[in-house]
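> Listed here are the chains, written in short residue letters.
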Amino acid sequence: MHKKTAHELNKLLAKKESSSQELTTAVFAHLEKVEPKIQAFVTVTKEEALKQAKAADERLKNNDNVTPLTGIPIAIKDNMCTKGILTTCSSKILSNYKPPYDATVVEKLKAAGAVVVGKTNLDEFAMGSSTENSGLHKTYNPWDLNCVPGGSSGGSAAAVAANEAVMATGSDTGGSIRQPAAFCGVVGLKPTYGLVSRYGLVAFASSLDQIGPLTKDVTDTAIMLNVLAGHDKKDSTSVDRPVPDYQKSLVNDIKNLRIGIIKELLGEGIEPKVKESIQQTMKKFEELGAKIMEVSLPTFAYAVATYYLIAPAEASSNLGRYDGVKYGQRSPNSPDLLTMYNNTRAEGFGPEVKRRILIGTYALSAGYYDAFYLKALKVRTVIKNDFERAFQNCDLLLSPTTTSAAFKVGEKSNDPLAMYLSDIATIPVNLAGLPAISLPCGFIDNLPIGLQLIGKAFAEETLLRAAFTYEQNTDWHKRKPSII
Amino acid sequence: MQLDINHIAKLARLGLTEDEKVLYGRQLSVILDYAARLQKLDTNNIPPASHAIPMKNVWREDVAAPCTNTDEIVANGPTVENNMFRVPKIME
Numbered sequence: 001m002h003k004k005t006a007h008e009l010n011k012l013l014a015k016k017e018s019s020s021q022e023l024t025t026a027v028f029a030h031l032e033k034v035e036p037k038i039q040a041f042v043t044v045t046k047e048e049a050l051k052q053a054k055a056a057d058e059r060l061k062n063n064d065n066v067t068p069l070t071g072i073p074i075a076i077k078d079n080m081c082t083k084g085i086l087t088t089c090s091s092k093i094l095s096n097y098k099p100p101y102d103a104t105v106v107e108k109l110k111a112a113g114a115v116v117v118g119k120t121n122l123d124e125f126a127m128g129s130s131t132e133n134s135g136l137h138k139t140y141n142p143w144d145l146n147c148v149p150g151g152s153s154g155g156s157a158a159a160v161a162a163n164e165a166v167m168a169t170g171s172d173t174g175g176s177i178r179q180p181a182a183f184c185g186v187v188g189l190k191p192t193y194g195l196v197s198r199y200g201l202v203a204f205a206s207s208l209d210q211i212g213p214l215t216k217d218v219t220d221t222a223i224m225l226n227v228l229a230g231h232d233k234k235d236s237t238s239v240d241r242p243v244p245d246y247q248k249s250l251v252n253d254i255k256n257l258r259i260g261i262i263k264e265l266l267g268e269g270i271e272p273k274v275k276e277s278i279q280q281t282m283k284k285f286e287e288l289g290a291k292i293m294e295v296s297l298p299t300f301a302y303a304v305a306t307y308y309l310i311a312p313a314e315a316s317s318n319l320g321r322y323d324g325v326k327y328g329q330r331s332p333n334s335p336d337l338l339t340m341y342n343n344t345r346a347e348g349f350g351p352e353v354k355r356r357i358l359i360g361t362y363a364l365s366a367g368y369y370d371a372f373y374l375k376a377l378k379v380r381t382v383i384k385n386d387f388e389r390a391f392q393n394c395d396l397l398l399s400p401t402t403t404s405a406a407f408k409v410g411e412k413s414n415d416p417l418a419m420y421l422s423d424i425a426t427i428p429v430n431l432a433g434l435p436a437i438s439l440p441c442g443f444i445d446n447l448p449i450g451l452q453l454i455g456k457a458f459a460e461e462t463l464l465r466a467a468f469t470y471e472q473n474t475d476w477h478k479r480k481p482s483i484i
Numbered sequence: 001m002q003l004d005i006n007h008i009a010k011l012a013r014l015g016l017t018e019d020e021k022v023l024y025g026r027q028l029s030v031i032l033d034y035a036a037r038l039q040k041l042d043t044n045n046i047p048p049a050s051h052a053i054p055m056k057n058v059w060r061e062d063v064a065a066p067c068t069n070t071d072e073i074v075a076n077g078p079t080v081e082n083n084m085f086r087v088p089k090i091m092e
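Going down the list, the sequences are from chains A and B. The first sequence lines up with residues 1 to 484 when you count with this note's numbering. The second sequence lines up with residues 1 to 92 when you count with this note's numbering.
Next up, chain A with everything else stripped away, as it sits in the complex (with noise of 0.2 Å):
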């Protein structure tokens, strides 16, 4: 029961043949087998999870406010607030961080009754590309317990993977979505900046940050981007705009869709078996009835540059709070404040957030904010304007959402620009704020590769259909690891 998607199982609670209660028992049996080998999550609430699976069940018996999602297990990444529960970013600065607030998202799909199995690893403050940087645990991808499964959203792409979870949260500040759910071969959307509201997601870039959904299929993306979607006026970046069904989009044809394959995501530094994968993909668009055609975007070559002084900017910034007063961890036996704070800091953080928030320092002091930062802004701009331009003659852009499949624990972790570059395909989307889902489309030996769809602005309908018809008419979304 506990291999099944979110849509299958609410047919079977609809129709009786199960339980909330069942379900939920049974993932936790499925959970307690696996979770020693893949370790992805942080914190495990059996308790609290059987409670709501209980109350589930009872809206189900009254035929009370049932939504697609009533009685479905769901992990939450650990960076996103879970009243009186432990919300710890993978940082030991917030081991023993119980929020006193729920984050909307959160509140959103209790309400909607799903039931919360847990919350997921990430690296430290969702800064990193293989969960190797949470402060916690490291975190093993079901296909190969010797690779990684990508980052910051490791967690929640290994429980979705593993089936420790039905479905789960991921947030995305240059491809924390996108990269995790092609390297455990799971469906992972990144919505425009403004649908969900980030209020309650601990903030690590504010103008990138952006929460989605992880699932096993389409569908599932679908299902759960309808209660996650929608103006907050707890966060005053949320736009206020209808929200449409999303699972309306969910139709079997893409006829005359014009796909642009983005030129530069194809040649340098894409490990050939990708670039093969990506090649037969856009054969099958095409056999579909899209019409595919190849776009430059040239000042891709400007974006993990960018970035990488955009996003430490903001995250020294947003990092300021930590300084063992308020919340989370302090120093002991500090003589001054002063000395406390340093000393907080210096303890409380991992090297990957230490260099971030230095950099962003850096980009962000006098004398070098000009060169620096400023400069990232307007170079933003241009890359904005050079997707903008590629918009003109296509509804979608295609690539492969990383540049090769999950690569083994260790290989890259004492590199830091090395894991940076390995971002190229999703980083530009971010400083764009533009849609962009992730989805299984081949293998390399038994490790899964994903195609990244990039849409406009809110056309999240439009990628979810391309999805859909790709999805419906291909079988890489139905192998799965043996570990499950």
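Hints are computed from structural coordinates only; laboratory data are not their basis. Using N, Cα and C, we set each Cβ at its ideal position, and we do this for glycine too. A hint or two may mislead.
[What the hints assert, rightly or not] A short, non-exhaustive set of chain A residues, derived as facing chain B with CB atoms under 7 Å:
{"id": "1", "residue": "Y193"}
{"id": "2", "residue": "D336"}
{"id": "3", "residue": "Y362"}
{"id": "4", "residue": "A366"}
{"id": "5", "residue": "Y369"}
{"id": "6", "residue": "T381"}
{"id": "7", "residue": "R389"}
{"id": "8", "residue": "Q392"}
{"id": "9", "residue": "C394"}
{"id": "10", "residue": "M419"}
[To be verified] Cross-link-like lysine-lysine pairs, in silico, DSSO-like; alpha carbons within 30 Å at most:
{"id": "11", "chain 1": "A", "residue 1": "K92", "chain 2": "B", "residue 2": "K10"}
{"id": "12", "chain 1": "A", "residue 1": "K15", "chain 2": "A", "residue 2": "K408"}
{"id": "13", "chain 1": "B", "residue 1": "K56", "chain 2": "A", "residue 2": "K412"}
{"id": "14", "chain 1": "B", "residue 1": "K56", "chain 2": "A", "residue 2": "K108"}
{"id": "15", "chain 1": "A", "residue 1": "K408", "chain 2": "B", "residue 2": "K21"}
Keeping the supplied structure of chain A fixed, place chain B upon it in accordance with the hints.
Chain B in isolation, oriented as in the chain A frame:
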């Protein structure tokens, strides 16, 4: 690229060991050298984009509302006395 790691660490209120200063100093130089490629792009007449989607300031009515969960908020403080956060001395 040369940079004063002591100055940056001070601005960031981040205590660093001598080993960390050497390591981060070296890694920051590599990253900032890479970032220097942006200088090749002419951005003279380009406005900066602080956000991808055009945004304006959003205001709400300034209405007082009760705060009922003070205990839960304060419970997260490392050192709390009488609903106040206690810190080491600030001045002599």
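> Does each hint hold? Answer for all of them.
We went through each hint and held it up to the structure:
{"no.": "1", "hint": "Y193", "in the structure": "holds (5 Å)"}
{"no.": "2", "hint": "D336", "in the structure": "holds (5 Å)"}
{"no.": "3", "hint": "Y362", "in the structure": "holds (5 Å)"}
{"no.": "4", "hint": "A366", "in the structure": "violated (9 Å)"}
{"no.": "5", "hint": "Y369", "in the structure": "violated (11 Å)"}
{"no.": "6", "hint": "T381", "in the structure": "holds (4 Å)"}
{"no.": "7", "hint": "R389", "in the structure": "violated (14 Å)"}
{"no.": "8", "hint": "Q392", "in the structure": "violated (18 Å)"}
{"no.": "9", "hint": "C394", "in the structure": "violated (19 Å)"}
{"no.": "10", "hint": "M419", "in the structure": "violated (11 Å)"}
{"no.": "11", "hint": "K92/A - K10/B", "in the structure": "holds (21 Å)"}
{"no.": "12", "hint": "K15/A - K408/A", "in the structure": "violated (44 Å)"}
{"no.": "13", "hint": "K56/B - K412/A", "in the structure": "violated (40 Å)"}
{"no.": "14", "hint": "K56/B - K108/A", "in the structure": "holds (26 Å)"}
{"no.": "15", "hint": "K408/A - K21/B", "in the structure": "holds (28 Å)"}
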